[in-house]
Each structure stands twice: as structure tokens, then as C-alpha cells.
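If you read the protein sequences in the order shown, they are chains A and X.
To get our numbering, take the position in the first sequence, counting from 1, and add 123.
To get our numbering, take the position in the second sequence, counting from 1, and add 261.
Hints were generated in silico from the structure; no laboratory data involved.
Computed from a predicted structure; not experimentally measured.
Cβ coordinates follow ideal geometry from the N, Cα and C atoms, glycine included.
Fair warning: there could be bad hints in the mix.
To be verified - Using C-beta positions, here's what the derived DEER-type ranges look like: (1) X:LEU313 x A:SER524: 56 to 62 Å; (2) X:SER338 x A:HIS296: 46 to 52 Å; (3) A:ASP288 x X:GLY383: 39 to 45 Å.
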Amino acid sequence: MKSTAANFEDNAEKALADDKLKAALSKLSEGFPAKRREAADRLPEFESLRDQARDIKSHVLANLDFYLEQFEARVVESGGTVHWCRTAAEARTTILRICRNAGAKTVTKSKSMIGEEIAINEHLEHHGVEPVETDLGEYIIQLRHEPPSHIIAPAIHLSKEQVADTFRKSHPHLAPERALEEPRALLEEARSELRQKFLAADVGLTGANMLIAETGSIALVTNEGNADLTYSLPKTHIAIASLEKIVPTLEDATTILRVLARSATGQDMSVYNTFCTGPKRAQDLDGPEDFHIVLLDNGRSKMLGGEFHDMLRCIRCGACLNHCPVYKSIGGHAYGWVYSGPMGAVLIPNLIGLDEAGHLPNASTLCGKCEDVCPMRIPLPRMLRSWRTQQFEAGKTAPLSRSLLRAWAFVTARPWLYRIMVAPAVSALAALGRKGGRFRRLPLAGGWTKHRDLPAPEGGTFVSRWNRGERPGEKKP
Amino acid sequence: MSDARSEILGAVRDAIAKSHGSAAGGPTDIHADARSRLADHAANLIPARGRLGRKARVDLFIREAERVNATVARVSSTSGVPREVARFLAKNNLPMSLKIAPETSEDTIPWTEQTLLKVEEGRADGTEHASVSHAFAGVAETGTLVVLSGPGNPTTLNFLPPTHICVVAAPEIAGDYEEVWSRLRSEKAGEETGGGFMPRTVNWITGPSRTADIEQTLLLGAHGPQRLHIVIVDE
Chain A
124 MKSTAANFED NAEKALADDK LKAALSKLSE GFPAKRREAA DRLPEFESLR DQARDIKSHV
184 LANLDFYLEQ FEARVVESGG TVHWCRTAAE ARTTILRICR NAGAKTVTKS KSMIGEEIAI
244 NEHLEHHGVE PVETDLGEYI IQLRHEPPSH IIAPAIHLSK EQVADTFRKS HPHLAPERAL
304 EEPRALLEEA RSELRQKFLA ADVGLTGANM LIAETGSIAL VTNEGNADLT YSLPKTHIAI
364 ASLEKIVPTL EDATTILRVL ARSATGQDMS VYNTFCTGPK RAQDLDGPED FHIVLLDNGR
424 SKMLGGEFHD MLRCIRCGAC LNHCPVYKSI GGHAYGWVYS GPMGAVLIPN LIGLDEAGHL
484 PNASTLCGKC EDVCPMRIPL PRMLRSWRTQ QFEAGKTAPL SRSLLRAWAF VTARPWLYRI
544 MVAPAVSALA ALGRKGGRFR RLPLAGGWTK HRDLPAPEGG TFVSRWNRGE RPGEKKP
Chain X
262 MSDARSEILG AVRDAIAKSH GSAAGGPTDI HADARSRLAD HAANLIPARG RLGRKARVDL
322 FIREAERVNA TVARVSSTSG VPREVARFLA KNNLPMSLKI APETSEDTIP WTEQTLLKVE
382 EGRADGTEHA SVSHAFAGVA ETGTLVVLSG PGNPTTLNFL PPTHICVVAA PEIAGDYEEV
442 WSRLRSEKAG EETGGGFMPR TVNWITGPSR TADIEQTLLL GAHGPQRLHI VIVDE
């Protein structure tokens, strides 16, 4: 997919003006965080499991070469093939070659962010192979030719009316007067359309939530069961995954599964957790005859050992998106590429460069909520700041921001000057804003206040209040 | 693409060596921890929730399975399974026909002795209303079934038909997933291709299929079954 991350400011502006999107996002921000909280509260060990999950992935990254070789050896022993690919282009070529060797006309796909990252659908289509997304959300956005707007809920930005419109346009062979008001009717229609595709597909292409070094297995996590129909019906199963998806053992995979669903959808466990090892066995009545794993680097080995090393622990649960005030205001498409939210703002510049994606690390209030909820405890705010620093040092920050940052740095490094300048400003704002408690408009800051209010300060500066004897947690005297 | 392989592994090794400060390292095995981790496959923290005696474990399994919209019935022996399945189909106005896993064939379950059920063995092809497969284990912690693929238990039975009935023996309901991995390792050691213990597919199934992709409305029966009925055999 071609990135529009460079147009982030325009994208965000459009998103903020989109009322349908606003309604969809408010539903998301009510739903996911509450369900996650509830699931976490139901499991007293949740926080300790997060620590262990983090440690497992850190251990893997420190031994990644060893685990990759172990994984490959087990895959080969169980009759599968591993294809190492340095770039998205190599992965696309490899997948197309396997499809051609299988004589494939149709490929069913279960949702894969790596598939989005390498834009496999466009490539297959271009070469005469029909890719069919089978996850309901992915199916909807494939029909609309849109990228996903959320890692685990790709069509979260759409209303059911928009989905109904899309189905009417895309399924012209069905009765035009059919009722499509209810989500259930939309699901039934997608299910029956896709049923035929599942049964006819020559190749099934899945992602992999984890690669297990101990056994050469891949782990797949879904709620719909689409991944399971994708790998069990066609003759060939291709799984695509990036290097860092490795975990050592089945026990380690289990620990990560315990935090994954809880962090993602607030379920204790997703409905289907599947472990595939090699192709079908000689006497099996179903399952694929060929099993291929496409192992993709695409920038991961460069992140290893560097400033963004910890990002390689990410398990793509989406919790950081669900809790991010910026994501919840603008949705995923504004970020302009396949990932979004805090994890996207850190990862995307690593994959497509800071020149293209330089706005994204700035699209954060650094409130820290993403790190609080990340099951792998990835220091996302620290990494967003790293990008900003790199940008500043490389002279890529806009001249006005640059001068203001310099001025800010000058003032904050001199407390006496800071106090002299801030105290009158605080008093003035407090006096002016006494009535409403907030400013809807400010001179020279119209762009900033267009989509948010500035709370009016109350009770003077921090230093003046401290000197008056106020302490955190106490009421104003 | 052996080129790509050595280049990727080379880049990974370089990055790791750099962060280990390899200059000081000698011939010591920097992957010693990883080697023993694989060999030991030790369990990490196991939540206390599932660590219960047998009776409480089965009760928890039922509660958790029902919480995720499965239905559960208990029968005292395998000879009680057909009546329970016939009752379930009738209650849901479903036809009295089943595609069954060979593992649950007439030899082990007397399907046609006391009921009007029509059963056929084999894999699913998308035409059947209901299927029966056999779970290797249950996991009380989350009401999860662990189903293994094999000649006697085709995977498609768990996913294609709109109604999935799964039979599990009460003594095989474990507290946690780790117990099931241990059992699999010891019972299937060396049995699978390459001398391993993993069948082609291990399915953890926790409730019937669902989606919330349209406006976050939870709907059961996405691509997999809309109904999951678990029959626990007490024996």
C-alpha cells in the first residue's frame, strides 16, 4: 500500500470533521478499554503474566538467530518449508511462485498485518490470482479498497449502513430489495458468499501470531474461525510472519496467549487458538498437503539492538490504539499506512522511513496510557520521544517548531526566567477563564483550539502553590 | 533464496553480538540459556484459577464454557451420549443426522441402538448440519476444548457445520493448558512426522465462533459454528 503518512496533518483534519467516524470511534473507546479492564480484574495474576510475557520476548530477541534456526529445523522435520525473505518484494515473489506452482486461481486469506505490510493482495491480483479476505472486517474493507483502520478490528471506522451499501454494490447477483439493516443480516450474507470461496480455494494464506521454535508450529488466533477454514480446506497452506514472532516453547506461547486476548478484546481467551505443525499426515482425512512459512525480515533485523529494539516485542493486540486519545479522535486511516496508533507511530518510521512518516511520532500527547496497557510493557512514549529527537537533530523539524522548541529549552533551563514569564500568564489566563473554566478559542492558536479546549488554570502556578504549602492529594486551602 | 537466509541470520547475529559486547566473550555458548529453555520447556506462572480438585475442576470448566456461550451436558457413560445428542438436536429443531469423527464411531458410541440418529463417518464437506468430534482434553481455566487432528478426528468437523458437538471425558478435563501440553508430550512422543508429538493441528476451542466487526455488535456464528455443545462423559 502506498503511504499517505506524509499528509498526516490533512488526513487528521479530515478525520476530525467526519461525524460518522466520530460515532464509530466513540463506540470503540467505550467498548474495548472497559472489557480489557474487566478481564484483567478477573485474573489476579494478570500483571505478573505481563512481566513474564515481556521477559519471554526479550529473551527471544537476545537469542533470535538460535531460535530462528531451531524453528526452521523443526518445520523441515515435520515436512514443511521455510522461505527466508529480506524484503516485502521478496516475500511477494515467493508467495506468487508458491501459488503458481499450486496452479492457484483463488487464494483465501485470513487476516494478516504482514500481508497488509507487503501489499500481497494487489500483487496477486495483478498477476491473475484472486485473493479473498475472509475475516469479516477485512472482507468489508477489501470490497471497499481500503486499508484496515485498526489491527484487530479493521472495519471499526464503518457504520452498518456503510457496510450495507458496500454489500449492495459488491453483490449484484443478490436480490436488490433484500433487507440489510441488521448486523446479523450482513454477517449471514458475508458468510454465505465466503463459504463458496472457502470450498473452492486452491491456496490458504494465513498470518501467524507466533512461531514456536520447540515444535516448528505456528499459532493462529481468531474468533470467527476463518483462519481454520483457510488452512484446513485448500491443498496448500502458506503462513506469513515476520522474524520477531518467534517464541521458544508451547508453554511460552501459552503465557503470551493468556495476555493477548485479554489485552485485545477483553476475552479471557479468543475462541480459536490453533497450532499448525507441518502438512497433513499420511492418514489424515483433511488438511493441506503442502505447508510453507514465509519468514520476513523487512527492517526487523535493523531494529534489533537499536533504539527501537523493544518494539519487536509487540504482539499486535491493539490495546495501545484503544487507549490512545489521538487514535480515538482520528482513527487509523489518518496515520496513512497499514499500522496506526502508538505502535504504528513507532513502527512505521522504522519500516518506511522518517522522511515519509515524520509526523506520526508527533501525533501523541505522551500521556503514557499506551505503555500502561501494553501487555509486553513496550516503552512506547520513550520511543516516540526518540523519533522526535532524531528528527530535531537531523534538522527535519519545521522551522517554527524548531525556534519555539529552542526558546522553550532556553526558558526551562533557567527557572528564574521561567517563573517570571509563567506567573503573569497563569494569572491572566485564570482571570480570563474564571467563568467557563476553559477556552474554546485563543488568539494565535486557532488551529490548536479548533478541535479541543484549553482548560483555564486555577490557583496559580505549581511553584506558588507548593510555596503556599499545598501538597499532592490535598484540597486547596 | 539461501542468500536471503544467510544475510538475515548474519544481520541478526551481528546485532546480538554487538549488544552482548562480543569482544570480551570467548568460545562461551551465548545461547546456553536458550538451549536449556527448549530442553526443559518449563511452565511459566500458572494462574491459580484452574488448580482445583477433580470435581471443582469440571464444575469450573462448565461455568467457563457456558460463560462463552457454549452449552454443556453431562452423561454417566459413552452409552448415554446418543440420547443426549438426540435430545439436543430435537430441542434446537435440527435434523437427526450427524457427520461424526471416526474416533466416535459406532464401536465406541452406540449411536443407532436407542435413537433415530443417522450418522456418517468422515470429514466435513460443508453440506452437513451438525458434526461430532472428540476432544483430547478440556481446560477448566477458560472452558476450552483441546481437539487434535488425526485420521480419527478430521479438523473440518470443528469448523464447517453450523452446529458442533464435542465429546470430552471428565477425567481428561485439566485445570490449565500446561497440563494438557505435558500429557500430549508424554502420550504422543515420537508418534508424529519427524518424531515429534504435535499432530498437524491442535485446536483450542473456547465457545462458538463469533465476530464483533460490524459496529462492535457481538454476533455468534461467524465462519465457524454458531452452536457449540459439549458432552462430558463422566465414566
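List, from low to high, the hint numbers that the structure doesn't satisfy. Hints that this structure does not satisfy do not exist here, as all of them hold.
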